[in-house]
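S.K.: Residues per chain are reported as follows:
Protein chains: 4
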Amino acid sequence: MHVGFIGLGHMGSGMAHNLLRAGHDVIVYNRSHGKAEALASAGARIAADVAEVCRNEVVITMLADDEAVTAVTFGDRKMIAALGKNAVHISMSTISVALSDRLAEVHRQAGQVYVAAPVFGRPEAAAAAQLFIIAAGDAHAVQRCQPLFDAMGQKTFVAAATPSAANLVKLSGNFMLGAVIESLGEAFALIRKSGVDPHRYLEILTGTLFSAPIYKTYGTLIADEKYQPAGFKMSLGLKDIRLALAVADAHSVPMPLASLVHDHFLAGVARGHGDSDWCRLAELSARNAGL
Amino acid sequence: MHVGFIGLGHMGSGMAHNLLRAGHDVIVYNRSHGKAEALASAGARIAADVAEVCRNEVVITMLADDEAVTAVTFGDRKMIAALGKNAVHISMSTISVALSDRLAEVHRQAGQVYVAAPVFGRPEAAAAAQLFIIAAGDAHAVQRCQPLFDAMGQKTFVAAATPSAANLVKLSGNFMLGAVIESLGEAFALIRKSGVDPHRYLEILTGTLFSAPIYKTYGTLIADEKYQPAGFKMSLGLKDIRLALAVADAHSVPMPLASLVHDHFLAGVARGHGDSDWCRLAELSARNAGL
Amino acid sequence: MHVGFIGLGHMGSGMAHNLLRAGHDVIVYNRSHGKAEALASAGARIAADVAEVCRNEVVITMLADDEAVTAVTFGDRKMIAALGKNAVHISMSTISVALSDRLAEVHRQAGQVYVAAPVFGRPEAAAAAQLFIIAAGDAHAVQRCQPLFDAMGQKTFVAAATPSAANLVKLSGNFMLGAVIESLGEAFALIRKSGVDPHRYLEILTGTLFSAPIYKTYGTLIADEKYQPAGFKMSLGLKDIRLALAVADAHSVPMPLASLVHDHFLAGVARGHGDSDWCRLAELSARNAGL
Amino acid sequence: MHVGFIGLGHMGSGMAHNLLRAGHDVIVYNRSHGKAEALASAGARIAADVAEVCRNEVVITMLADDEAVTAVTFGDRKMIAALGKNAVHISMSTISVALSDRLAEVHRQAGQVYVAAPVFGRPEAAAAAQLFIIAAGDAHAVQRCQPLFDAMGQKTFVAAATPSAANLVKLSGNFMLGAVIESLGEAFALIRKSGVDPHRYLEILTGTLFSAPIYKTYGTLIADEKYQPAGFKMSLGLKDIRLALAVADAHSVPMPLASLVHDHFLAGVARGHGDSDWCRLAELSARNAGL
Numbered sequence: 001m002h003v004g005f006i007g008l009g010h011m012g013s014g015m016a017h018n019l020l021r022a023g024h025d026v027i028v029y030n031r032s033h034g035k036a037e038a039l040a041s042a043g044a045r046i047a048a049d050v051a052e053v054c055r056n057e058v059v060i061t062m063l064a065d066d067e068a069v070t071a072v073t074f075g076d077r078k079m080i081a082a083l084g085k086n087a088v089h090i091s092m093s094t095i096s097v098a099l100s101d102r103l104a105e106v107h108r109q110a111g112q113v114y115v116a117a118p119v120f121g122r123p124e125a126a127a128a129a130q131l132f133i134i135a136a137g138d139a140h141a142v143q144r145c146q147p148l149f150d151a152m153g154q155k156t157f158v159a160a161a162t163p164s165a166a167n168l169v170k171l172s173g174n175f176m177l178g179a180v181i182e183s184l185g186e187a188f189a190l191i192r193k194s195g196v197d198p199h200r201y202l203e204i205l206t207g208t209l210f211s212a213p214i215y216k217t218y219g220t221l222i223a224d225e226k227y228q229p230a231g232f233k234m235s236l237g238l239k240d241i242r243l244a245l246a247v248a249d250a251h252s253v254p255m256p257l258a259s260l261v262h263d264h265f266l267a268g269v270a271r272g273h274g275d276s277d278w279c280r281l282a283e284l285s286a287r288n289a290g291l
Numbered sequence: 001m002h003v004g005f006i007g008l009g010h011m012g013s014g015m016a017h018n019l020l021r022a023g024h025d026v027i028v029y030n031r032s033h034g035k036a037e038a039l040a041s042a043g044a045r046i047a048a049d050v051a052e053v054c055r056n057e058v059v060i061t062m063l064a065d066d067e068a069v070t071a072v073t074f075g076d077r078k079m080i081a082a083l084g085k086n087a088v089h090i091s092m093s094t095i096s097v098a099l100s101d102r103l104a105e106v107h108r109q110a111g112q113v114y115v116a117a118p119v120f121g122r123p124e125a126a127a128a129a130q131l132f133i134i135a136a137g138d139a140h141a142v143q144r145c146q147p148l149f150d151a152m153g154q155k156t157f158v159a160a161a162t163p164s165a166a167n168l169v170k171l172s173g174n175f176m177l178g179a180v181i182e183s184l185g186e187a188f189a190l191i192r193k194s195g196v197d198p199h200r201y202l203e204i205l206t207g208t209l210f211s212a213p214i215y216k217t218y219g220t221l222i223a224d225e226k227y228q229p230a231g232f233k234m235s236l237g238l239k240d241i242r243l244a245l246a247v248a249d250a251h252s253v254p255m256p257l258a259s260l261v262h263d264h265f266l267a268g269v270a271r272g273h274g275d276s277d278w279c280r281l282a283e284l285s286a287r288n289a290g291l
Numbered sequence: 001m002h003v004g005f006i007g008l009g010h011m012g013s014g015m016a017h018n019l020l021r022a023g024h025d026v027i028v029y030n031r032s033h034g035k036a037e038a039l040a041s042a043g044a045r046i047a048a049d050v051a052e053v054c055r056n057e058v059v060i061t062m063l064a065d066d067e068a069v070t071a072v073t074f075g076d077r078k079m080i081a082a083l084g085k086n087a088v089h090i091s092m093s094t095i096s097v098a099l100s101d102r103l104a105e106v107h108r109q110a111g112q113v114y115v116a117a118p119v120f121g122r123p124e125a126a127a128a129a130q131l132f133i134i135a136a137g138d139a140h141a142v143q144r145c146q147p148l149f150d151a152m153g154q155k156t157f158v159a160a161a162t163p164s165a166a167n168l169v170k171l172s173g174n175f176m177l178g179a180v181i182e183s184l185g186e187a188f189a190l191i192r193k194s195g196v197d198p199h200r201y202l203e204i205l206t207g208t209l210f211s212a213p214i215y216k217t218y219g220t221l222i223a224d225e226k227y228q229p230a231g232f233k234m235s236l237g238l239k240d241i242r243l244a245l246a247v248a249d250a251h252s253v254p255m256p257l258a259s260l261v262h263d264h265f266l267a268g269v270a271r272g273h274g275d276s277d278w279c280r281l282a283e284l285s286a287r288n289a290g291l
Numbered sequence: 001m002h003v004g005f006i007g008l009g010h011m012g013s014g015m016a017h018n019l020l021r022a023g024h025d026v027i028v029y030n031r032s033h034g035k036a037e038a039l040a041s042a043g044a045r046i047a048a049d050v051a052e053v054c055r056n057e058v059v060i061t062m063l064a065d066d067e068a069v070t071a072v073t074f075g076d077r078k079m080i081a082a083l084g085k086n087a088v089h090i091s092m093s094t095i096s097v098a099l100s101d102r103l104a105e106v107h108r109q110a111g112q113v114y115v116a117a118p119v120f121g122r123p124e125a126a127a128a129a130q131l132f133i134i135a136a137g138d139a140h141a142v143q144r145c146q147p148l149f150d151a152m153g154q155k156t157f158v159a160a161a162t163p164s165a166a167n168l169v170k171l172s173g174n175f176m177l178g179a180v181i182e183s184l185g186e187a188f189a190l191i192r193k194s195g196v197d198p199h200r201y202l203e204i205l206t207g208t209l210f211s212a213p214i215y216k217t218y219g220t221l222i223a224d225e226k227y228q229p230a231g232f233k234m235s236l237g238l239k240d241i242r243l244a245l246a247v248a249d250a251h252s253v254p255m256p257l258a259s260l261v262h263d264h265f266l267a268g269v270a271r272g273h274g275d276s277d278w279c280r281l282a283e284l285s286a287r288n289a290g291l
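Protein chains in written order, with this note's numbering: chain A, 1 to 291; chain B, 1 to 291; chain C, 1 to 291; chain D, 1 to 291.
Read the hints as simulated data drawn from the structure, not as lab findings.
Hints should not be assumed to be uniformly reliable.
No copy is singled out in the list; a pair is fine if it fits within one copy or between any two copies.
[Unchecked claim] Capping the alpha-carbon separation at 25 Å, the derived lysine to aspartate or glutamate pairs in DMTMM-like fashion look like this:
{"#": "1", "residue 1": "K85", "residue 2": "E203"}
{"#": "2", "residue 1": "K193", "residue 2": "E37"}
{"#": "3", "residue 1": "K239", "residue 2": "D101"}
{"#": "4", "residue 1": "K85", "residue 2": "D66"}
{"#": "5", "residue 1": "K226", "residue 2": "E124"}
{"#": "6", "residue 1": "K193", "residue 2": "D66"}
{"#": "7", "residue 1": "K239", "residue 2": "D66"}
{"#": "8", "residue 1": "K155", "residue 2": "D275"}
{"#": "9", "residue 1": "K239", "residue 2": "D249"}
{"#": "10", "residue 1": "K193", "residue 2": "D101"}
{"#": "11", "residue 1": "K233", "residue 2": "D65"}
{"#": "12", "residue 1": "K85", "residue 2": "D249"}
{"#": "13", "residue 1": "K155", "residue 2": "D197"}
{"#": "14", "residue 1": "K216", "residue 2": "E203"}
{"#": "15", "residue 1": "K35", "residue 2": "D249"}
{"#": "16", "residue 1": "K155", "residue 2": "D76"}
{"#": "17", "residue 1": "K78", "residue 2": "D66"}
{"#": "18", "residue 1": "K239", "residue 2": "E57"}
{"#": "19", "residue 1": "K35", "residue 2": "D101"}
{"#": "20", "residue 1": "K85", "residue 2": "E124"}
{"#": "21", "residue 1": "K216", "residue 2": "E37"}
{"#": "22", "residue 1": "K193", "residue 2": "D275"}
Model, not experiment: these values are computed from the prediction.
Pulled out of the complex, with its shape left as it was, chain A reads as follows (with noise of 0.2 Å):
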């Protein structure tokens, strides 16, 4: 397929290169132009702005933030401006249920087509083409996009017909993997300070009933401590954290849990470990218990 796609940071380059590797033909846009050229040594074509790349019959998202992608979407020279009928914009950002559903109207008034496709996973299973896709949208227009999500992902996920709920369970996603991070900070304050070794404890956790990878990923970083180079950082958990309470609280759902994670990530940033990996919210517990 002939794909246009703007955002090529730690995610968005490995999407972008598996989508040529797949056999597609690829027009990128970064705003600084670097890592353009990168992916042009390996196929790519470079698109001068954000008009052009809009001359495709899907275009690809893959932005920081609501900003970043309400940056690229509005205003006149912008995407909803440039992008053909039918075309259809795959907005893969974690970005608000809001945003999310202001582009899907926006979109239809201009007769394009919207769908929300935020992925999990790190920039390592980006670029093995191992991400797992959340799409919500028109049930053809998302069948229209699975050869990218193919490409791009090991599985996709096909969540609901409004666009948002992908967005909606991505962000709940974070807040899930937030609180897993909390309990397991707490627990190897615990399990420190009582004197037990903290890699035995983590062997026995994921052994048992907490076999799920997250487990051993975030474990492991806690019990060493190592929270550089950030896989995922901080002020991005914080972000997220944000966004899934922004919309609890328009859903009148109250998320005490949330509220908790976010409260401490908040802490994390004030206290300078922003562009710390988001496991780093374990240190604060290590601090109230004395180590």
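Mind docking chains B, C and D on chain A? Use the hints.
M.R.: Here is chains B, C and D on its own, set in the frame of chain A:
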């Protein structure tokens, strides 16, 4: 081996059966007689009192709580008085770290051996010899018990040389399960109020990052709002989180997530759901969201 | 002075009356006409639209929320367009710090003066000219407004030269009131479940350390479980704590108690109590204790 | 009256002095001898042991915690054995509801009278006979004690006929003070990070709705960040909130704000601030905000 077994509840019955199946010579004692008889037909001998059970090289206790274990171990005609020199007491109940420390000391003074070996697993796992056993104590003593552990569990983990470390690991594990249930409860409240199908949602969670069976088990119960019969009662969940907080308090380890889970279990019990499955924790999130 | 007054709700009506009583020349505007007429009989002139109110040296706004203030101030025929050079806008509504900052900037650009002057006090205090007024802005401008403040309140406090500081103080004050209500709710649940008489208990609290009238006011409502009519609606309490958390989030200040109060107000609103007095927060503690 | 007095710490010394000043005949006992001698010069007799103090119609205990009270009351040569029939034990220490219930029962069985009478007030208030006394027990017995209460306090409140009700009221009051401190700590962190002057802010709080002296006392300490010397130690604040949570747990009353305050005091103690004033709780909010 010749094994005494005290406590034939939901868990203990299955465990004793598995010891018999593995060819061990088992003499059982239970406060209410009926349960012992069921085991007799499977080949167990029935003891008239605690003292009779204690005329064995190894005695296992699998009781409800600290109170029950204290009643069986201390006092004039009880275990500590009745057990011989070098005999082993394997305490498999979920008890407090403080009681486990006290048992270690008292058995030591009596020239007896104390091994703590609490388990992870629901009654079905106990029946199927699929428990995870967390053992701690003198390395040689633990080794001596291994054939028994092999008969009851799928795998044994040795936590440390201090027996109570196993109890700590068990309690911290139940805290982490409580955290999983709380996070699922909040996420499902949000998802349901947003109109996303809960079963579809659960499929996405368990098909992506949350692949540990616990998420499937608890998530299904929550999606189905099926809290009877209880695999593990909320009153017991409350008891365990209380014990986790007690040791955390003793070691000056603040655990705000554990406090939150405690407060929610306490609300569930206060509302009359102590006999429901502890997953019913999720109902509080649903109710507070107006569902 | 010649004063325009916009917003004749529970608070605004009493305040406008007091301006009239103090001899000021008041022209009022309210979206729904009925309330303006009641003031006309007390000597107020009625404006046909916002623009007419703005032909005064000072215009006071006392509106429900950010949305109402935004609607009145921005747009083609609205306050900022209609107000003359050097005219003063006194914003007495409880609004966000962000909107207050924006108003300060926009009025400055228009050559106008902006003073923030939110108040502490319930409708009865507004009617009795017993409000506490928290003013912030250019010192000279605040001084110019003092005769008006004297007519409406019992005392004026000048918070800072930055107008939004007054809004911050107001929001933080409402957070602290929310904390008082939450603490009373939990304490009363405990007291009632222990069989102590709630009124006797309240008498002890207020007769000893908790002598501020707020404890008496809220404690009595909670002891009587009398949540209608609302002196201050729970939905507004939720709104204010949301605004407090928004500025805390923007400044990276974790406020776990504010999060807790927010989540409990949200539960109250989700359960259909948005129009009850915000003291009904206490009911959640009672319910969770099985009362 | 002839009064025995046990426990001459920061609080007890002042209280015993005031009994002497009011003309009562006081015999004192303290574990460490030095403090008793200071009272001897004011006219007190010094007892050699607990038994000697108990040869009086009324004996007051004012000790640090449950452990100290248990040591003095139970055992072979202790209060309950030494006290005569119909003699009154006034327990003014801040102890658990459970211990108070136990004392009531044991004294009753011994034909003695038990009155619980914990106090609100810092050491300066004890020295100035300005304590608030919360008494509970048999009405006639409380009346008998009134002259003593009058000598030590500014006002006595009778909580109920069950002695432990007074302890419950005291503990719940300390919980509410903890909530005030937490709310001040969070508000000051927000205010400081927003650039508002903390002392100006405090002046507004205490000049408006938060007029109770506790807000002035604690707010000033927090604004000054002056946590030494301790008027009331954080370790004692932690002890009291623990006791409040214990009775709440026993009565199935979830108190999430009490849990939050507990966890923060625990963090303070774990970080080595157990001997600081309990207001230092505010420092945690400041640190978590990066201040």
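S.K.: Compare the structure with each hint and give your call.
M.R.: Hints, verified against the model:
With identical chains, the CA atoms of K85 and E203 are never at most 25 Å apart, being 54 Å at best within one copy and 34 Å at best between copies. For the identical chains of this complex, K193 and E37 are neighbours neither inside a copy (50 Å) nor across copies (43 Å), given an alpha-carbon limit of 25 Å. Taking the shortest alpha-carbon separations for K239 and D101, both the intra-copy value of 18 Å and the inter-copy value of 23 Å come in at or below 25 Å. Taking identical chains as interchangeable, the C-alpha atoms of K85 and D66 lie at most 25 Å apart only when both belong to the same chain, with a minimum of 24 Å there against 38 Å between chains.
In this assembly of identical chains, K226 and E124 lie within 25 Å of each other by CA distance solely inside one copy; the values are 17 Å within and 39 Å between copies. Taking the shortest Cα distances, K193 and D66 sit within 25 Å of each other only across copies (23 Å), while inside one copy they are farther apart (41 Å). Taking the closest pair of Cα atoms, K239 and D66 come within 25 Å of each other both inside a single copy (10 Å) and across two copies (23 Å). For the homomeric pair K155 and D275, neither the shortest alpha-carbon distance inside one copy (30 Å) nor that between copies (40 Å) is at most 25 Å.
When the C-alpha separation of K239 and D249 is checked against a cutoff of 25 Å, the pair qualifies both within a copy, at 15 Å, and between copies, at 11 Å. In this assembly of identical chains, the alpha carbons of K193 and D101 lie at most 25 Å apart only when taken from different copies (16 Å versus 47 Å within one copy). In the homo-oligomer, the alpha carbons of K233 and D65 lie at most 25 Å apart inside one protomer (13 Å), although the nearest pairing across protomers, at 35 Å, exceeds that limit. In this homomeric assembly, K85 and D249 never come within 25 Å of each other (Cα to Cα): the closest approach is 35 Å inside a single copy and 40 Å across copies.
For the identical chains of this complex, K155 and D197 are inter-copy neighbours only, at 19 Å across copies versus 37 Å inside a copy, given an alpha-carbon limit of 25 Å. For a Cα distance limit of 25 Å, the shortest separation of K216 from E203 qualifies both inside one copy, at 8 Å, and across copies, at 21 Å. Taking the shortest alpha-carbon separations for K35 and D249, neither the intra-copy value of 38 Å nor the inter-copy value of 33 Å comes in at or below 25 Å. Proximity of K155 to D76 under the C-alpha cut-off of 25 Å is found in neither arrangement, the shortest distances being 36 Å within a copy and 52 Å between copies.
Taking the closest pair of Cα atoms, K78 and D66 come within 25 Å of each other only inside a single copy of the chain (15 Å); across copies the shortest separation is 30 Å, beyond that limit. In this homomeric assembly, K239 and E57 never come within 25 Å of each other (Cα to Cα): the closest approach is 31 Å inside a single copy and 44 Å across copies. With identical chains, the CA atoms of K35 and D101 are never at most 25 Å apart, being 30 Å at best within one copy and 38 Å at best between copies. When the C-alpha separation of K85 and E124 is checked against a cutoff of 25 Å, the pair qualifies neither within a copy, at 35 Å, nor between copies, at 57 Å.
In the homo-oligomer, the alpha carbons of K216 and E37 never lie at most 25 Å apart, since the shortest distance is 36 Å inside one protomer and 44 Å across protomers. Taking the shortest Cα distances, K193 and D275 sit within 25 Å of each other only across copies (21 Å), while inside one copy they are farther apart (27 Å).
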